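Peer 1: Here is what each chain is made of, one letter per residue.
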Amino acid sequence: MSEHASEHGTMTLKLIVWRQKGPAEPGRFETYAAKNITPHHSFLEMLDVVNEELIKEGKEPIAFDHDCREGICGTCSTVVNGVAHGGQERTTVCQLHMRKFKDGDTIYLEPWRARAFPILRDLVVDRGALDKVIQAGGYVSCHTGGVPDGNALPIPKADADYSMDAAECIGCGACVAGCPNGAAMLFTGAKVAQFAALPQGQVEAPERVAAMIKAMQDCGFGNCTNHYECQAVCPKGIHVKFIARLNREFLKALFKAKSGSFTPVE
Amino acid sequence: MILDGKAPTGPIETTWDKHRFNMKLVNPSNKRKYKVIVVGTGLAGASAAASLGELGYNVEAFCYQDSPRRAHSIAAQGGINAAKNYPNDGDSIFRLFYDTIKGGDFRSREADVWRLAQVSNEIIDQCVAQGVPFARDYSGYLDNRSFGGAQVSRTFYARGQTGQQLLLGAYSALSRQIKLGTVKLFPRTEMLDLVVADGEAKAITIRDLVTGEVRVHAGDAVVLCTGGYANVFYLSTNAMGCSVTAIWKAYKKGAFFANPCYTQIHPTCIPQAGDYQSKLTLMSESLRNDGRCWVPKRREDVGKPPNAIPEQDRDYYLERKYPSFGNLAPRDIASRAAKEQCDDGRGVGPGARGVYLDFKDSIARLGEHVIRERYGNLFEMYERITDENGYKVPMRIYPAPHYAMGGLWVDYNLMSNLPGLFVLGEANFSVHGANRLGASALMQGLADGYFIIPYTIADYLARAKPWKVAPDHAECRKSVEDVRAAEKRLLSINGNRTVTEFMRELGTLIWNNCGMARSKESLTEAIAKIPAVREEFWRNVKVPGTGSEFNQQLENAGRTADFIEFAELLCRDALHRDESCGGHFRVEHQYEDGEARRDDANFCYSAAWEFKGVGREPELHKEPLRFEHVHLSVRSYK
Amino acid sequence: MQMLSNTVGRKVLMGVTGFFMLLFVIVHLLGNFSIFAGPDGINAYAEKLQGLGPFVWASRIFMAAMLAIHLIFGVLLTLENWSANPQKYAVKKMLKSTFAGETMIWTGLLLLSFIAYHLLQFTVRVTPDVVLGSDPKGRFDVFTMVRESFRIAPVSMIYLAAMVTLFLHLSHGIQSIAQTVGLSNDKTLPQYNAIGKALSVFFLLGYSAIPVLILAGVGIFAR
Ligand SMILES: Cc1cc2nc3c(=O)[nH]c(=O)nc-3n(C[C@H](O)[C@H](O)[C@H](O)COP(=O)(O)OP(=O)(O)OC[C@H]3O[C@@H](n4cnc5c(N)ncnc54)[C@H](O)[C@@H]3O)c2cc1C
Ligand code: HEM
Ligand code: HEM
Ligand code: SF4
Ligand code: F3S
Ligand code: FES
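Protein chains in written order, with this note's numbering: chain Y, 16 to 281; chain E, 21 to 658; chain G, 19 to 241.
Hints in this document: simulated from the structure, not taken from any laboratory.
No experiment lies behind these values; they were computed from the predicted model shown.
Heads up, some of the hints might be wrong.
Stated by the list, open to error - Okay, derived cross-link-like pairs now, EDC-like style, lysine to aspartate or glutamate, Cα gap no bigger than 20 Å in a straight line: (1) Y:K115 <-> E:E403; (2) E:K273 <-> E:E630; (3) G:K110 <-> Y:E45; (4) E:K540 <-> E:E615; (5) E:K38 <-> E:E403; (6) G:K106 <-> Y:E45; (7) E:K562 <-> Y:E72; (8) Y:K115 <-> E:E400; (9) Y:K36 <-> E:E233; (10) G:K106 <-> Y:E40; (11) G:K205 <-> Y:D174; (12) G:K106 <-> Y:D141; (13) Y:K36 <-> E:E575; (14) G:K111 <-> Y:E104; (15) Y:K172 <-> E:D145; (16) Y:K71 <-> E:E521; (17) E:K508 <-> E:E585; (18) Y:K172 <-> E:D163.
Claimed, not checked - Far from chain G by the CB rule (all over 10 Å, computed), these chain Y residues: (19) M26; (20) P76; (21) R114; (22) D120; (23) M179; (24) E219; (25) R260.
As the list claims (entries may be wrong) - Which residues of chain E face chain Y? A partial, calculated answer using Cβ under 10 Å: (26) P88; (27) A95; (28) N108; (29) G110; (30) G183; (31) Q184; (32) V230; (33) L302; (34) M401; (35) G567.
Even for Gly, the Cβ is constructed at its ideal location relative to N, Cα and C.
Pulled out of the complex, with its shape left as it was, chain Y reads as follows:
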């Protein structure tokens, strides 16, 4: 059992932070000191402390995206020392705690960088492209109401579990930020795989995969060259096997009948 914060000393850290006023403005690094940080501060609480100081000094606080602060909404998005979300396994940056750092550490903070994610301000980027990918086909086209009983169709537990493994994606975009190619294959693969594994997703499977891949390309994401950085930084540990699944589904789609509600396969 760990001791309480007050029993530890506090830390002072040097932050080197990307500051950028707007999408069209040039950005640069600024250096700040984070003082009186305990090991129990979360990373974002540490930034809160810095921001409070900045505000009091009459300076502009650092803009960073966050909401739930419990690792589920996928809003927080900062590259810490070169790793999206900071490098603790299966952990979003809002759940990263300062006990992972030492007094005197220098920490680089950068936004997600990818062409598909324009920077809005400081560490905040626009991830609307991920929504676009889902809009292209990340759903089962069922109507509200008029659907069969939930137990009408038994689904093998293994399939349901596989689907859930994929569905855990929180849409944070770290996979894109971590990927040397700015590819969104893990995000897209997870959604395709979630539905591919369920009977409900079968009908539209060929159109779904084609439409989602197309959207991904149109949004300016890069191509996958199997670096697997995405899985390594993914806070939900989404496995790259779902990228393989996406590829497989694509090949299957090439040979399948072309009908359905999405943009048809050419």
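Fit chains E and G with the ligands to the known structure of chain Y by using the hints.
Peer 2: Quick look at chains E and G with the ligands alone, frame taken from chain Y:
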């Protein structure tokens, strides 16, 4: 004024079906002529926008996050109730209805609760059809778990991420409509005012959080699905951006605010570790299925490592006090029981505000792997935050503000007293009475959005020709000016204290004086102190930057200003309700054993407040509650 | 069309073309091993191959097509990826990616130039080091040609460098094929990875053995 909830009468089993038949319909070809403004994309908002879009209405959807998928519904862990009775353990629509009325401590409208129980089953079907990967057993059928406040297993779940999966289901339905063009999405957009023209809610005024642009979006009806206000306590399990703002602005434009004092304190959260803390993290209540709550019997033992305290020196207080429900007692009861133990000097951990949640026995019984499979992600989360291993050392938990049963007053059609203003999900006050049972908020959000609003909004729209206010209508112009003026004022104060400092001060005041236990004194004191906070805020707050840019401090300042005003209403309602019920516990009103003592003779009503000006006393309207199918009785979980 | 315009389709094409080139590398290595049987081994082997006539040309054209497709999409893919990631991180820490994976375009282009050189040398036989002649049985003397070339240390060095390049390209490439065409899952991905590593080490050692042994003047290569 005596309010009428317009609930249908007759045998309860037929109320919703009968009402559905009696409501007017909008001709399919006319639907696209109506525009519906949906604010919020949580379970309630996303399901409503998707369903209305699918029906053919022209929908505009708004959320303050960068994506609809991030609404705080995403954080719900435990599960969603439905009266499917798949486990064959005696569940039924009536039982779910009964449990919800009783769980709500008899402060909700019977017909609304019946309807919720009735449509609960359709929700599960809907979500399964959408591809929500609910947990299944080896037969391939849906699995259920039990949850607080019920003796049947009726909770459907998807690991510890049920809210996430349900929201992603609704989000995918919404995404489909966006693609089809029936719904237009406005993310990073905050509603800052409601426009009421000719007595009807006809538009909202928003701020584009990226550019700072302030503008009006007009429609034929406005649907608020903006979630709860538990952040008035500053530290809560809600997301940082959750606020009362949208419904508060509606309240200031004439919508009645009902039962604000009914706030839920969730019993199983990770205790606060320090003053810097920005939020509290919930550990799903489902943990209480296998974890046992205890504190040391003797005060001398509180400092000892938990595993060094022998069995006979542990007080399993929930099992002791509530033998039949034990660790699964409803939230308000479990929370108060934890507070009692800590008040008695037997709390553990930092600040002595914590009780143990121990899995030792279930690990011995089932094996660690079973516990890991059931709650692995929760244990991981606990470890990340506390640096402690819950498999080895009992977890420490403490109650934390979590949910708002109160909200804007709505009638059976989910319409507020302002025609054209509908309120769904946590933002309304409807079904949970004075206390919400676990796994029923998700159920409510989706019931409202998928299965209720599509009918009831038609009944409203069908009575009117499509009519939208013009952006240069006097009310629209005034609203935009007001929003801009407030923004300008906040930016020009340039005082000495940050927004967070004010929010922390307010939160502490409300938590101490209007938290788990309230008294006439504490409430009177709070009501006296809040105006001073408000006054200082508007004199001494420091908001950097400008209005025409991405400015998170400005966003927070606006939300905080609303919370300060709202806090006063919260305390006034709590003071006026001179009884204990559900989440509202007045220390003056308790039985000898510490249970809440309701006063049905005087308070069997919903209290709906009408705005009369900032700092002025609001006017109380009552909606009397009648219980014809569940008899008013003392709630007992012994 | 999907195959050419779709990012996954293009990757699959690269995988398939890479796979055929991989097969060639395997067959070619086995064929080259016949050099250890002395002039009778490799010269006979070469003669037999020549005897296949049109088949040789068919397979040459096929392999050239594979190489061209692979090259075109490899370059396109890389250019797209660079532009998808225009602004670099000031600090970037890789957790999982490998040197081999990150340098695919460079090792690929190096291989291309190696192949060009290699063809000029042993197929077109126009590089200065090449010794043209016939063996006692009247066959073209591949054995001597190779031996004489590799006795020139710089030529051997180029080969060794090329073999390291091939090793790098394939140590990432082989498992990459499995992932790209969707064969791998959480269990098999590590297996494909192991197979890929083993094969590429085998190629490295196998191919390198020839110049190394010739240079060292061991056994049948004794001076
Ligand atoms: C940690 C946690 C765990 C929970 N677990 C469970 C559980 O297991 N089971 C259960 O049944 N319930 C649970 N609940 C409760 C339940 O999750 C919520 O009550 C429910 O999801 C609320 O849904 P909603 O759609 O009403 O609001 P939300 O999901 O909160 O959505 C609010 C939406 O409104 C938008 N919004 C708010 N204000 C504005 C504004 N001014 N302008 C524009 N947009 C605005 C937001 O962007 C968001 O899209 C839990 C709650 C929490 C906090
Ligand atoms: C002509 C020059 C070449 C270039 C420019 C080139 C470039 C590339 C590039 C950029 C990749 C993508 C990396 C990845 O997806 O992992 C790749 C993959 C690959 N290359 Fe090459 N390469 C060349 C020659 C070769 C040769 C000669 C071989 C075989 C002997 C080969 C085998 C492979 C294989 C097997 C892959 C993996 C394909 C996949 O991921 O599906 N390449 N190459
Ligand atoms: C030590 C290593 C190598 C040796 C000794 C070697 C030897 C030879 C020889 C002797 C030939 C000519 C055969 C003939 O015309 O009869 C040849 C052809 C060729 N080699 Fe190699 N090679 C080596 C490595 C490689 C590698 C690594 C590659 C590819 C990546 C390669 C690709 C080719 C090709 C494409 C041809 C032409 C085949 C044809 O004529 O169709 N070689 N090689
Ligand atoms: S796959 Fe992982 S990293 Fe990518 S968006 Fe989903 S959760 Fe984030
Ligand atoms: S890191 Fe990028 S290259 Fe592919 S395997 Fe992941 S998307
Ligand atoms: S803030 Fe929600 S995941 Fe980090």
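Peer 1: Return the numbers of the hints above that this structure violates; sort them in rising order.
Peer 2: 5, 25, 28, 29, 35
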